[in-house]
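So the chains spell out like this:
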Amino acid sequence: MKIWVPMDSAAKALGAEEVVAAIRAEALRRGVEIEIARNGSRGMIWLEPLVEVETPAGRMAFGPMTPEDVSALFEDGHEKALGLTDELDWMKRQTRLTFARCGITDPFSLEQYEALGGLVGLRRALGMTGEQITDEVKLSGLRGRGGAGFPTGIKWDTVRMAHADRKYIVCNADEGDSGTFADRMIMEGDPFCLIEGMTIGGIGCGATKGFVYTRSEYPDAVAVMRRAIDIARAAGVLGPDVLGSGKAFELEVRVGAGAYVCGEETSLLNSLEGKRGVVRAKPPLPALEGAFGKPTVVNNVISLATVPVIFEKGAEFYANFGLGRSKGTIPLQIAGNVRHGGLFETAFGMKLGQIVEDLGGGTASGRAVKAVQVGGPLGAYLGTDQFDTPFGYEEFDGEGALIGHAGLVVFDDTADMLGMARFAMEFCAVESCGKCTPCRIGAVRGVETLDRIAAGDAEAVPLLTDLCETMKDGSLCALGGFTPYPVMSALRLFPEEFGAVREAAE
Amino acid sequence: MRHSKPTADEIQALIDGQMHLEGPLLPILHALQEAYDHVPEAALGMIAETLNLTKAEVHGVMSFYHDFRKAPAGRHVVKICRAEACQSMGANALSDAVLEKLGIGWGGTTSDGLVTVEAVYCLGLCACAPAAMVDDRLIARADAARLEKALEGAA
Ligand SMILES: Cc1cc2nc3c(=O)[nH]c(=O)nc-3n(C[C@H](O)[C@H](O)[C@H](O)COP(=O)(O)O)c2cc1C
Ligand code: SF4
Ligand code: FES
Ligand code: FES
Numbered sequence: 010m011k012i013w014v015p016m017d018s019a020a021k022a023l024g025a026e027e028v029v030a031a032i033r034a035e036a037l038r039r040g041v042e043i044e045i046a047r048n049g050s051r052g053m054i055w056l057e058p059l060v061e062v063e064t065p066a067g068r069m070a071f072g073p074m075t076p077e078d079v080s081a082l083f084e085d086g087h088e089k090a091l092g093l094t095d096e097l098d099w100m101k102r103q104t105r106l107t108f109a110r111c112g113i114t115d116p117f118s119l120e121q122y123e124a125l126g127g128l129v130g131l132r133r134a135l136g137m138t139g140e141q142i143t144d145e146v147k148l149s150g151l152r153g154r155g156g157a158g159f160p161t162g163i164k165w166d167t168v169r170m171a172h173a174d175r176k177y178i179v180c181n182a183d184e185g186d187s188g189t190f191a192d193r194m195i196m197e198g199d200p201f202c203l204i205e206g207m208t209i210g211g212i213g214c215g216a217t218k219g220f221v222y223t224r225s226e227y228p229d230a231v232a233v234m235r236r237a238i239d240i241a242r243a244a245g246v247l248g249p250d251v252l253g254s255g256k257a258f259e260l261e262v263r264v265g266a267g268a269y270v271c272g273e274e275t276s277l278l279n280s281l282e283g284k285r286g287v288v289r290a291k292p293p294l295p296a297l298e299g300a301f302g303k304p305t306v307v308n309n310v311i312s313l314a315t316v317p318v319i320f321e322k323g324a325e326f327y328a329n330f331g332l333g334r335s336k337g338t339i340p341l342q343i344a345g346n347v348r349h350g351g352l353f354e355t356a357f358g359m360k361l362g363q364i365v366e367d368l369g370g371g372t373a374s375g376r377a378v379k380a381v382q383v384g385g386p387l388g389a390y391l392g393t394d395q396f397d398t399p400f401g402y403e404e405f406d407g408e409g410a411l412i413g414h415a416g417l418v419v420f421d422d423t424a425d426m427l428g429m430a431r432f433a434m435e436f437c438a439v440e441s442c443g444k445c446t447p448c449r450i451g452a453v454r455g456v457e458t459l460d461r462i463a464a465g466d467a468e469a470v471p472l473l474t475d476l477c478e479t480m481k482d483g484s485l486c487a488l489g490g491f492t493p494y495p496v497m498s499a500l501r502l503f504p505e506e507f508g509a510v511r512e513a514a515e
Numbered sequence: 043m044r045h046s047k048p049t050a051d052e053i054q055a056l057i058d059g060q061m062h063l064e065g066p067l068l069p070i071l072h073a074l075q076e077a078y079d080h081v082p083e084a085a086l087g088m089i090a091e092t093l094n095l096t097k098a099e100v101h102g103v104m105s106f107y108h109d110f111r112k113a114p115a116g117r118h119v120v121k122i123c124r125a126e127a128c129q130s131m132g133a134n135a136l137s138d139a140v141l142e143k144l145g146i147g148w149g150g151t152t153s154d155g156l157v158t159v160e161a162v163y164c165l166g167l168c169a170c171a172p173a174a175m176v177d178d179r180l181i182a183r184a185d186a187a188r189l190e191k192a193l194e195g196a197a
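Heads up: the protein sequence lines correspond to chains A and B, in order.
Oh and the first sequence: position 132 is 141 in this note's numbering, straight run, nothing missing.
Oh and the second sequence: position 29 is 71 in this note's numbering, straight run, nothing missing.
Just so you know, these hints were derived from the structure itself, not from any lab.
Since the model is a prediction, treat every value here as computed from it, not as a measurement.
You may find that some hints are simply not true.
Claimed, not checked - DSS-like, lysine-lysine: derived pairs with alpha carbons at most 27 angstroms apart: (1) Lys256(A) with Lys360(A); (2) Lys360(A) with Lys101(A); (3) Lys444(A) with Lys97(B); (4) Lys291(A) with Lys101(A); (5) Lys444(A) with Lys481(A); (6) Lys11(A) with Lys147(A); (7) Lys284(A) with Lys97(B); (8) Lys112(B) with Lys444(A); (9) Lys444(A) with Lys284(A); (10) Lys322(A) with Lys147(A); (11) Lys284(A) with Lys143(B); (12) Lys147(A) with Lys291(A).
Unchecked claim - Short, incomplete list of chain A residues facing chain B, as computed with Cβ under 10 angstroms: (13) Ser18; (14) Ser225; (15) Gly283; (16) Leu297; (17) Ala300; (18) Phe330; (19) Asp425.
Glycine included, C-beta positions come from ideal geometry on N, C-alpha and C.
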């Protein structure tokens, strides 16, 4: 009997290790021979720990499992039986390209990785020139999944054409946005996919060294990535002679130290170099003067982990999914006060309301949805009157919002929106790198102004609006520049909570 | 968590162990904090010397990052997520209750030195919020009772 139990940190935080121990104990008690295999998460976080039993018909799912539920696993009929995992509505409705293997394979099995299409893309890329590689990425329409949505192929081309004795590719795995966990899930569930994507990028741009810069808040992801890199190196996927091509590529994991701003690419590079994580002015672009002063690709985990499928199936295949200039698929991360929270990969274009109500099943509390914050702490709150907005870069921009890293945080009608606006300013003040005044001082003023409003001083509302304008226009990076999004959207949607009449907020 | 008394030789060995890396300063600070649960004051000058920096520069880097401590934390560290997704599921009430029960504020340590509570901004458990961490253990759908139980278990 082969039983799969995820080692994803969400599954663990919900008791996966206790379930594993219970399964072992029960098997021993019954004298049944079992094999416990570990996988990543399928993304149905509300069902974690999701245990799967291999049968001739396929993998049968059970969840959410507790140690008390374990003994019935060895008998017929189980009250938490969900049927075949692949037949679950949540799974069937997705287009899993980036997450094709996540939750299916053992994250440390290169053999299982290859059995499901792994390394096909890298082998193809090794037969191409650098220019052909960057062209393929351009053709796929892939845009950066870290937030800004910049075309990945164009960035790669800039680095490819730069002349230097040494170039780098850096994976931005700092995933600090509340409501997001796609990077973590890939690193813990399918690390070879990220390794393969970075290797293709390195070889395409002429970078021989890559760094995965991730956060100290993700100890499991750090450990899984490090072990997977060792396995890949031992198998000749990494090293001086990538898959016998004669080309070299090395990877190393670096860990941040609890600074949100280090997700900003230039701050990240300073941190990598061992400096204060202060944002650098651009130009020079990191593509020309990045890590240690050398041309450097900086891409988000999901951008890079999407590269293998583009090379496996072809750029056109990928570009055929999506909506307008938002091509391909996006791993939606549905979080917060929501019944069915988790990761759902689908082509761009799904309507916000469908994501929240249909996929998410409404709030966890069973109360009405009040607002949804999309794109992390710098993203706007959207109200239910914006539920028709299709999920795409331009479509959200048109609503004065952003998709960011595609995290959605649902709030029910008990949410205190003035409190959330205050938190946005407080977070900006805590995390500001300190380089520019509108951000460093403005955020502190923002907290004070919101406190005045909370104390009943409605005259402070125009001050808040002015302050947001100053931060937006005068900040060097999006921490100071975008904090006004959550603040102003909360004010626009719920002016009565700010003691302002509706017109005052328009 | 190990809590040995740092000696100069030990510190230097930890520094030297990272010197093969490009940009070794953060890995050095992490290695020291891993060993001593804080970055000892005595290490700053040694790091500066090894990396050809001033002590002020090393201090500047260390103080930029929320993770690095100047003094060891309590025997157990509880990190409670304060970010939005956790707030939508009652993280504020949770942290209020925990801090009140322990009689400390954010970053504080109980007078018996047993527990330190720190704020954290997202643990990637936003679909099973609120989230917390007790020492190395992640806890999703956290409540005060589960945190207390985890603390007892960690003893
Ligand atoms: C304050 C701040 C935090 C950011 N955090 C992240 C992050 O955690 N991960 C990420 O990929 N990009 C983050 N970004 C965006 C990066 O600066 C950069 O645009 C991105 O890494 C580029 O990769 P991509 O083109 O693949 O998206 C952040 C930006 C700002 C201003
Ligand atoms: S906006 Fe804030 S975080 Fe960004 S560079 Fe300026 S001070 Fe630093
Ligand atoms: S960029 Fe320096 S003050 Fe704003
Ligand atoms: S917001 Fe708390 S875990 Fe992500």
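Consistency of the hints with the structure:
no. : hint                     : result
1   : Lys256(A) with Lys360(A) : violated (44 angstroms)
2   : Lys360(A) with Lys101(A) : holds (18 angstroms)
3   : Lys444(A) with Lys97(B)  : holds (22 angstroms)
4   : Lys291(A) with Lys101(A) : violated (44 angstroms)
5   : Lys444(A) with Lys481(A) : holds (15 angstroms)
6   : Lys11(A) with Lys147(A)  : violated (42 angstroms)
7   : Lys284(A) with Lys97(B)  : holds (13 angstroms)
8   : Lys112(B) with Lys444(A) : holds (24 angstroms)
9   : Lys444(A) with Lys284(A) : holds (14 angstroms)
10  : Lys322(A) with Lys147(A) : holds (15 angstroms)
11  : Lys284(A) with Lys143(B) : violated (39 angstroms)
12  : Lys147(A) with Lys291(A) : holds (23 angstroms)
13  : Ser18                    : holds (6 angstroms)
14  : Ser225                   : holds (5 angstroms)
15  : Gly283                   : holds (3 angstroms)
16  : Leu297                   : violated (19 angstroms)
17  : Ala300                   : holds (8 angstroms)
18  : Phe330                   : violated (24 angstroms)
19  : Asp425                   : holds (9 angstroms)
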